[in-house]
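Undergrad: Sequence:
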Amino acid sequence: IKQAFSQWKVGRTAIDDLDVQIVQGTNAGLLPVNLYFDNKTGLLVRLLRWNETPVGPVPTQIDYADYRDVAGVKMPFTWTASQTYMQMTIELTDVQANAPVDAARFARPAPAKPMP
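Quick note, the sequence shown lines up with residues 1 to 116 if you use the working numbering.
Heads up, a few of these hints could be off.
[As the list claims (entries may be wrong)] Here are the simulated lysine-lysine pairs, DSBU-like style, with alpha carbons at most 30 Å apart:
#1 Lys40 with Lys2
#2 Lys40 with Lys9
#3 Lys74 with Lys9
#4 Lys74 with Lys2
#5 Lys74 with Lys40
What the hints contain is simulated information worked out from the structure, not anything from laboratory work.
Take the sequences, apply the hints, and build the full model.
TA: This is the structure in structure tokens:
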């Protein structure tokens, strides 16, 4: 993360009565990214970033919750992504660290058949 942005700012605020620390990363000429960390646990609770569009900057917010221990690492099992036009919640039921993946899954797919 330190290499992704050249300038960093730190502050404090609250999200739903939860005290959080804000870490904002910026690069010259680009839109910032805000990372919100729970002051008690140090876990990431929100990511807020902006995308430049023809109508101006559009925010994307991702809230992380339901952290569980997976192979000694705290992982969020619920992600809620919000944008100006939609909201989506991802709820994981199982996370495996270093799960084996069959190499065949990375094979190039067969070429598409030409349309008649």
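Undergrad: So, for every hint listed, does it hold in this structure?
TA: Structure-based check of each hint:
A hinted pair counts as satisfied when its Cα atoms are at most 30 Å apart, and Lys40 with Lys2 qualifies at roughly 22 Å. With a C-alpha separation of about 20 Å, the suggested pair Lys40 and Lys9 falls inside the 30 Å cut-off, and the hint holds. Annotation: proposed proximity of Lys74 to Lys9 holds, straight-line Cα distance about 25 Å (limit 30 Å). At most 30 Å may separate the alpha-carbon atoms for a hinted pair to count; Lys74 and Lys2 meet this at roughly 21 Å.
For the proposed pair Lys74 and Lys40, the alpha carbon gap of about 14 Å is at most 30 Å, so the pair holds.
Checked against the numbered hints above, the structure breaks none of them.
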